[in-house]
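Take the sequence shown: its letters are residues -18 to 206, numbered as in our numbering.
One should not assume that every hint holds.
[Said to hold, decoys possible] Computed list of lysine-lysine pairs in DSS-like fashion (alpha-carbon distance at most 27 Å, straight line):
hint	residue 1	residue 2
1	Lys98	Lys42
2	Lys58	Lys42
3	Lys98	Lys58
Worth flagging that the hints you see were computed from the coordinates, not collected in a lab.
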Amino acid sequence: MKLGCVLMAWALYLSLGVLWVAQMLLAAGCHAELFPAPILRAVPSAEPQAGGPMTLSCQTKLPLQRSAARLLFSFYKDGRIVQSRGLSSEFQIPTASEDHSGSYRCEAATEDNQVWKQSPQLEIRVQGASSSAAPPTLNPAPQKSAAPGTAPEEAPGPLPPPPTPSSEDPGFSSPLGMPDPHLYHQMGLLLKHMQDVRVLLGHLLMELRELSGHRKPGTTKATAE
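Kindly produce the complete structure, drawing on both the sequences and the hints.
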């Protein structure tokens, strides 16, 4: 009997614990699905022109059965908060500049701060000032009207193109043309003179060797006496 009471008490205790866990999981599931994760959108675009306005909108909504509840929104740029929690779901930049470029995200949270969700990051790239402005047009100088009885002066026509050099012109020499034949002749004469000097040096060397050979026996004879 005692054992049965103990088992019944443990069963009751476990059932209460399971019930409590089930209620907690159900509540957590309800909180998690209270509203979808917000989406951050940029108007007019994520690449606005510098000097113009830009608005970031944190878009999410509560279900109809929880429409009486309110959400608080906050905005972050590069991990730093730029607009604290408030009821406004928009972050407005009246005059965008290149300093406003960066990674933005927003956060939506319930007033009791039990549920909060963040949006994916949105890259904002502010474009520089447009350089497509038309240059100022110059007003032409007013023309003087011709005196009565005189013919109006005609505007000078276009200048004729400069004469192009012709290969038949004796004074024309193309940098890519063949070298001057006179230069070839001079180089040939120089090579011929160098060969003649080489032959003379060879003959002179042979004569010096013969003279040294003739002098050696005489020198030996003088030494012996």
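For the pair supplied as a hint, Lys58 and Lys42, is the alpha-carbon distance within the 27 Å limit? holds, 23 Å
Lys98 and Lys42 were given as a pair; does the straight-line alpha-carbon distance stay at or below 27 Å? holds, 12 Å
For the pair supplied as a hint, Lys98 and Lys58, is the alpha-carbon distance within the 27 Å limit? holds, 16 Å
When held up to the earlier numbered hints, the structure conflicts with none and fits them all.
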